[in-house]
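Assemble the complex: chain A is given as a structure, and chain B must be docked to it using the hints.
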Amino acid sequence: MEAAHAHHGHDDHAHGHPTGIMRWVKSTNHKDIGTMYLWFSFTMFLVGGVMALIIRSELFQPGLQIVQPDFFNSMTTYHGLIMVFGAIMPAFVGFANWLIPMQIGAPDMAFPRMNNLSFWLLPPAALLLVAAQFMPGGGAGVGWTMYAPLSTQAGPAMDLTIFAVHILGISSIMGSINIITTILNMRAPGMTLMKMPLFCWTWLITAYLLVAVMPVLAGAVTMTLTDRHFGTHFFNAAGGGDPVLYQHIFWFFGHPEVYIIAIPAFGVVSQVIPAFSRKPLFGYASMVYATASIAILSFMVWAHHMYTAGMPVEAQLYFMYATTLIAVPTGVKVFNWVATMWKGSLTFETPMLFAIGFLFLFTLGGFTGLVLSITPVDVQLHDTYYVVAHFHYVMVAGALFSAFAGIYFWLPKWTGRMYNETLGKWHFWLSLVFFNVTFFVQHFLGLAGMPRRIPDYAVQFTEFNMISSIGAWGFGLSQLLFLYIVIKCIRSGEKAPEKPWEGADSLEWTHLPTPAPWHSFETPPVIK
Amino acid sequence: MMDRAPRKATLFEVVRMVLSAFLGIRKRAEHEKLEVSPLQVIIVGVMAAALFVLTVVSVVQLVIR
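Keeping their order, the protein sequence lines are chains A and B.
Be aware that the first sequence starts at 1186, since it is given in the numbering used here, and climbs by one per residue.
Be aware that the second sequence starts at 2, since it is given in the numbering used here, and climbs by one per residue.
All the pointers check out, no bait thrown in.
Heads up, simulated DSS-like pairs for lysine-lysine below, C-alpha to C-alpha not over 27 Å straight-line:
#: 1; chain 1: B; residue 1: Lys9; chain 2: A; residue 2: Lys1713
#: 2; chain 1: A; residue 1: Lys1528; chain 2: A; residue 2: Lys1380
#: 3; chain 1: A; residue 1: Lys1684; chain 2: A; residue 2: Lys1528
#: 4; chain 1: A; residue 1: Lys1684; chain 2: A; residue 2: Lys1464
#: 5; chain 1: B; residue 1: Lys9; chain 2: A; residue 2: Lys1380
#: 6; chain 1: A; residue 1: Lys1380; chain 2: A; residue 2: Lys1684
Pulled a few chain B residues facing chain A out of the computed Cβ check, cut under 7 Å:
#: 7; residue: Ala22
#: 8; residue: Phe23
#: 9; residue: Ile26
#: 10; residue: Ala50
#: 11; residue: Val57
#: 12; residue: Val58
#: 13; residue: Val61
Pulled from the structure, derived: some chain A residues nowhere near chain B, Cβ distances all over 10 Å:
#: 14; residue: Ile1358
#: 15; residue: Phe1552
#: 16; residue: Asp1568
Simulated from the structure, these hints should not be mistaken for laboratory data.
All C-beta atoms in this analysis are idealised placements derived from N, C-alpha and C, irrespective of residue type, glycine included.
Chain A extracted, bound-state conformation (with noise of 0.2 Å):
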């Protein structure tokens, strides 16, 4: 490593950091931040996963047994936000955190202060959003998606929940901020944007996207507030407003969103899948302008989730012919992992197992998402197990597998330790099993018609779903293993090598002792 800048004291006022429960509360160092977020994400992962069970042990049998059918809209209303706001697109803003400074060869994120805030408005939401459950009536059960009418007629519960999406987006968009900034103006000298691992291109677009789309979605919701306390009349038909005007502007977010949530998850497995093949990424470039035209389009399709709300057919073929030609740089990404393992040595440690996991997984559930597309096909399966199935092959396996891959992957650069190698794959096999288990047959579900959403079901349903209850409380009683490797590994792990992975080579791993230092590049590194 050669040093660029003359070394100019730090403006070190020999301030020690603060220890305790302070160090947190007051950080501004990215790794404690990162390391938060990632905290943060797996509590909600939980939450959001006792909410699951809570659903799947309703639908193990026909009739009604647990639940009351509203306590049971409120579990899947907010086990849906839960899970993409407090758990998938907050571990992914902690992958960043964590790596983005050390990928470039920065010393911390541009701004630390803003970050520090970020985080720190999510447990506030994330209060909200589970405090909505005690209001009056309950939660509510308005699907995360928040359609008008339901929305604008909901109990006090709904106000919470419109609140605490404005504060989990203000958070998204500081965080893209300083994403946008940390990326466009500290990288070391010589470190291109076209020499940036893939996992920083990725967020870049990603928080490109956020700043474009948060407000959107915050519109929206202020808009059913305005409707809902302020006499406006927005989404009234009564009132000379349209409920179809709330689902345009929420899939206008909507999509995009699903695609926030997935490029992350794309960077992160092109930073695994090479450091396993022992070979570099096969088409960097192509992956650089894949993911950014997957971006732009991203936002060009989003009527695709509603063929059955009532649109003229040319709407209807323009969405689906969009939707249909999107998938061809995503089929590219696709083909880009299958060619950089063509040949190379491949070794199928935990990261590498969850990887290929993800690349099989994520193709099956886009390729569903084709299937979905096609409108006349969208008619019959619109709000069945289907759609259900469709978009849980994208976010578990794909965005979730994902995070998973990087832990393990990153684990020894973040503690310094080795997490255990058996357990790890015990964690695979369970979880890819138990997770085709509880979705694989909803599709059969769906195709036979079972909707979405509804809390008991006709008898002949009974077999398939007892069938996905049991993989649910499987898939979801393998995540304490997972929380015990990684405690495990935090306490009591292996000490790890400088370089665990022979094939990994951004600079995090070259440059970086491990574990990685309190303060990253405080000079930073020539890149050649």
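Same frame as chain A, but now just chain B:
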């Protein structure tokens, strides 16, 4: 890695670059010999995106006629 100074891209080359991005396919070597400003790419990219929408819309018009 080569260190030849990249030359400025022509309009045609920027268009080609954006279109290959839409497909998601591009050679690294091709990237490294050209210098493009982000502004060029954004302007051409937005225009190409608009063109993409118009093309799909005209195909739709053709189909429903």
